[in-house]
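Position chain B against the provided structure of chain A, taking the given hints into account.
Listed in order, the protein sequences are those of chains A and B.
The C-terminal residue of the first sequence carries number 425 in the working numbering, and the numbering is unbroken.
The C-terminal residue of the second sequence carries number 425 in the working numbering, and the numbering is unbroken.
Because the hints were derived from the structure by calculation, they are not lab data.
Values in this document were obtained by computation on a predicted structure and should not be read as measured data.
One thing to keep in mind: the hints can contain errors.
It does not matter which identical chain is meant; a pair holds if it fits inside one copy or across any two.
[What the hints assert, rightly or not] Result set (DMTMM-like, lysine to aspartate or glutamate): computed pairs, CA atoms no more than 20 Å apart in a straight line:
no., residue 1, residue 2
1, K212, E16
2, K121, E197
3, K320, E402
4, K418, E224
5, K153, E59
6, K421, E36
7, K350, E316
8, K421, E383
9, K153, E406
10, K212, E253
11, K212, D79
12, K93, E127
13, K371, E406
14, K153, E84
15, K121, E366
16, K371, E105
17, K418, E256
18, K121, D199
Number of protein chains: 2
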Amino acid sequence: MSQKTKTAEILCVGTELLMGNTVNTNATAIARGLAEAGLNLYHQTVVGDNPQRLREAVELALSRADMVITTGGLGPTYDDLTKETIAGTLGRKLLPHEESQRWVEEYFRRVGRTPCPNNQKQAMMPEGAVVFQNHNGTAPGCAVTGTGRWEGKTAILLPGPPRECEPMFREQVLPYLRRDSGTRLVSRCLYFYGIGESDLAHRLDRLMRESKNPTVAPYCKPGEVMLRLTARVEEGEDPGPILDPVVEEIRREAGEWLYGVNVGNLQTALVHTLLAKGLTVATAESCTGGLVAQRITSVPGASSVFQWGVVTYSCETKRKLLGVSQKTLDSYGAVSPQTAMAMARRARVKSGADIGISVTGNAGPEPSEGKPVGLVYVGLDSENVTLAEELHIQTMEDGGREYIREMAASRALYLALKAAKQRVK
Amino acid sequence: MSQKTKTAEILCVGTELLMGNTVNTNATAIARGLAEAGLNLYHQTVVGDNPQRLREAVELALSRADMVITTGGLGPTYDDLTKETIAGTLGRKLLPHEESQRWVEEYFRRVGRTPCPNNQKQAMMPEGAVVFQNHNGTAPGCAVTGTGRWEGKTAILLPGPPRECEPMFREQVLPYLRRDSGTRLVSRCLYFYGIGESDLAHRLDRLMRESKNPTVAPYCKPGEVMLRLTARVEEGEDPGPILDPVVEEIRREAGEWLYGVNVGNLQTALVHTLLAKGLTVATAESCTGGLVAQRITSVPGASSVFQWGVVTYSCETKRKLLGVSQKTLDSYGAVSPQTAMAMARRARVKSGADIGISVTGNAGPEPSEGKPVGLVYVGLDSENVTLAEELHIQTMEDGGREYIREMAASRALYLALKAAKQRVK
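With the rest of the complex left out, here is chain A (with noise of 0.2 Å):
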């Protein structure tokens, strides 16, 4: 760690981003990269294609920081400023850049269009930049250094698109901004089910504020909460000695809700764990309506270990195509544990899996057959056991419905994940 840690900002430009007519994906994509490259950054900004406005912000960032990645207005038309701008913020003048020009009209060809004049614009590039070939549209980026007052700063330009700008963030800008960096960044993501943001934070209060390396980040999604450690190692450091004692002081304050490191969420831990113990898992839904099943199928590999699901929303379907007695609808009802319990047995058996998992709930907007919106049962029926939990998923918008699928099916996996470790086939 020879060199101080540079600091970069992210600019992206377009007035449809700032009106939201698009989602700013481009900046998570550069954000994370920027983290995995070891480089601080403490600012993004979007601003429109407004040249004035343009010029004031990139002067701010650059004031703060080592370096601006923009994104956006490298594209033909008369809005398309940022190149020309920032040129001019940064002393540099526009040339014909020949080897641009070559690959403008290399692409024209290739997709079979004609260029029209404007295209030209986008061949020309500012003096001594290094320039990123576009390999899926036709504005090339660049890196340029400033001079002046901008001396021993840069500015890197990436297109809008972010088919265009992502592959060529990662492809060309990352390995240039590693070249000389010396350090990097390495994560580990711990994912808990069933404990609060809040109470797993007072859990690891100490951690989570004195930490420096590795830092100690939460997030939070509906009924989940996922710890991100950080470690800032130099190049070919082994990242271990940092982060495997603060895994395991977190195992220790909290490894009762930790369901796993780095497994990204409760459906791909259910698959890999599957996978691992060559088991299988059949679903049988009601209020959920397929969400399990395509939580499941979402992960590549699933096919293996899932081949059968249900929807029976009725109680006649679940009667006939799933085989749930009559006696047991008419007894319990539709929203009931011994119900939840039979559907969970009914697909394991009728499908042969390993273990059955079902979902029988009033997801709402209103009351049904006497059962409040929100009271859900959750099934689950494997070699040696058979159980039913009941939830109350306590909502108070409009949305509520797709909340109370979602809590649902996640308690649903997590009974599946739960089952699916314990088994030994």
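Relative to chain A, chain B alone:
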């Protein structure tokens, strides 16, 4: 419209946003809402959970604009500092807010958890603030005006999680902002399937360029385009005479691809059409793994039109659970138009529904049984039609699996919608 148009800035606070762990959908939602409310927006900024940089960002925003809208940093933990920092910047004390205390207690009682001492902090509010209740979490939002140097400037603080932030913004902040504007905006959303954005924009070029009232703005999602027409009218004025002629013009130019007005999405259009006609639908899915069923059942009221769906990944389950003949599977393979049609037909016959839809194909990541990634067949079976469509869904990136599944599911929903519109029961 006597008053000068006000300018707002968006300032999103959170290290997880800054580092790219979360996509900034809040900024998108708020930006759209501000545009609809007729406010100017020239800058969006993201900073981490750092009080010094947050303070600087607030001061910069308020020096350029009339108000700043922040998201994030209202949680219970030590690094949630937005309220404290902004109250300090604006010269406002934090005081206990009784109503918020009651909301927080009520929220915890409802979700069956115990508040920790940190939750007290969430019920502290800046002196004189307008408080926005949080229907989906524990952190209330607020609007607070400045004192001294920031006299006449406003900060609006919203929670970070999108399911808390977006409803609060839409239901409470937008009415707060509109309160003294005197005009209102009325939107009509037109939904298109099967036409690309650039093709639609080309057909409606003059209208999209020139129309000022209503404004016409396109929004894209995979396989679909939505046009939002927004008219500005005086309080009490009927927006019909402004909106209707433009809707008619769009119908003339692109009515072929228009599948609904204000319908929200394909699955909602389908469920509402089925409800209106007293029809039912059943699904049989392979590569979409329950996604079609899940999208249909996400619509409130779906239980009346959808009672039956299966996920059959393997040939064996297609045969046993659904009853597709061994001969069809042997002769044509699982990924074939014949199997897609047989799946749709069996789903309809077995369930007794009016319409059966099916999806079978390869969503990747690897070619399977000689079928390339992205080759999908969508089947439809109705009283007087059985058909299968072959899709080649192209994708270049790693996230391709989900994209292929979404595109295939959309096509199946679209076919069902077309069939439902044509049928009379």
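We went through each hint and held it up to the structure:
1. In this homomeric assembly, K212 and E16 come within 20 Å of each other (Cα to Cα) only across copies, at 16 Å, whereas the closest approach inside a single copy is 38 Å.
2. Taking identical chains as interchangeable, the C-alpha atoms of K121 and E197 lie at most 20 Å apart only when they sit on different chains, with a minimum of 15 Å there against 47 Å within one chain.
3. In this homomeric assembly, K320 and E402 never come within 20 Å of each other (Cα to Cα): the closest approach is 27 Å inside a single copy and 32 Å across copies.
4. For the identical chains of this complex, K418 and E224 are intra-copy neighbours only, at 15 Å inside a copy versus 39 Å across copies, given an alpha-carbon limit of 20 Å.
5. When the C-alpha separation of K153 and E59 is checked against a cutoff of 20 Å, the pair qualifies only within one copy, where the shortest distance is 10 Å, while the shortest distance between copies is 25 Å.
6. When the C-alpha separation of K421 and E36 is checked against a cutoff of 20 Å, the pair qualifies neither within a copy, at 32 Å, nor between copies, at 51 Å.
7. For the identical chains of this complex, K350 and E316 are neighbours both inside a copy (17 Å) and across copies (12 Å), given an alpha-carbon limit of 20 Å.
8. For the homomeric pair K421 and E383, the shortest alpha-carbon distance inside one copy (13 Å) is at most 20 Å, but the shortest distance between copies (47 Å) is not.
9. In this homomeric assembly, K153 and E406 never come within 20 Å of each other (Cα to Cα): the closest approach is 44 Å inside a single copy and 40 Å across copies.
10. Taking CA atoms no more than 20 Å apart as the test, K212 paired with E253 passes inside one copy only; the shortest distance there is 19 Å, against 60 Å between copies.
11. For the identical chains of this complex, K212 and D79 are inter-copy neighbours only, at 14 Å across copies versus 44 Å inside a copy, given an alpha-carbon limit of 20 Å.
12. Proximity of K93 to E127 under the C-alpha cut-off of 20 Å is restricted to the intra-copy arrangement: shortest distance 5 Å within a copy versus 53 Å between copies.
13. When the C-alpha separation of K371 and E406 is checked against a cutoff of 20 Å, the pair qualifies only within one copy, where the shortest distance is 19 Å, while the shortest distance between copies is 33 Å.
14. When the C-alpha separation of K153 and E84 is checked against a cutoff of 20 Å, the pair qualifies only within one copy, where the shortest distance is 17 Å, while the shortest distance between copies is 34 Å.
15. Neither within a single protomer nor between protomers do K121 and E366 lie at most 20 Å apart by alpha-carbon distance, with minima of 51 Å and 35 Å respectively.
16. Taking CA atoms no more than 20 Å apart as the test, K371 paired with E105 passes in neither setting, with 57 Å inside one copy and 25 Å between copies.
17. Only within a single protomer do K418 and E256 lie at most 20 Å apart by alpha-carbon distance; the minimum there is 12 Å, versus 51 Å between protomers.
18. Proximity of K121 to D199 under the C-alpha cut-off of 20 Å is restricted to the inter-copy arrangement: shortest distance 15 Å between copies versus 53 Å within a copy.
Violated hints, in rising order: 3, 6, 9, 15, 16; the structure is consistent with all others.
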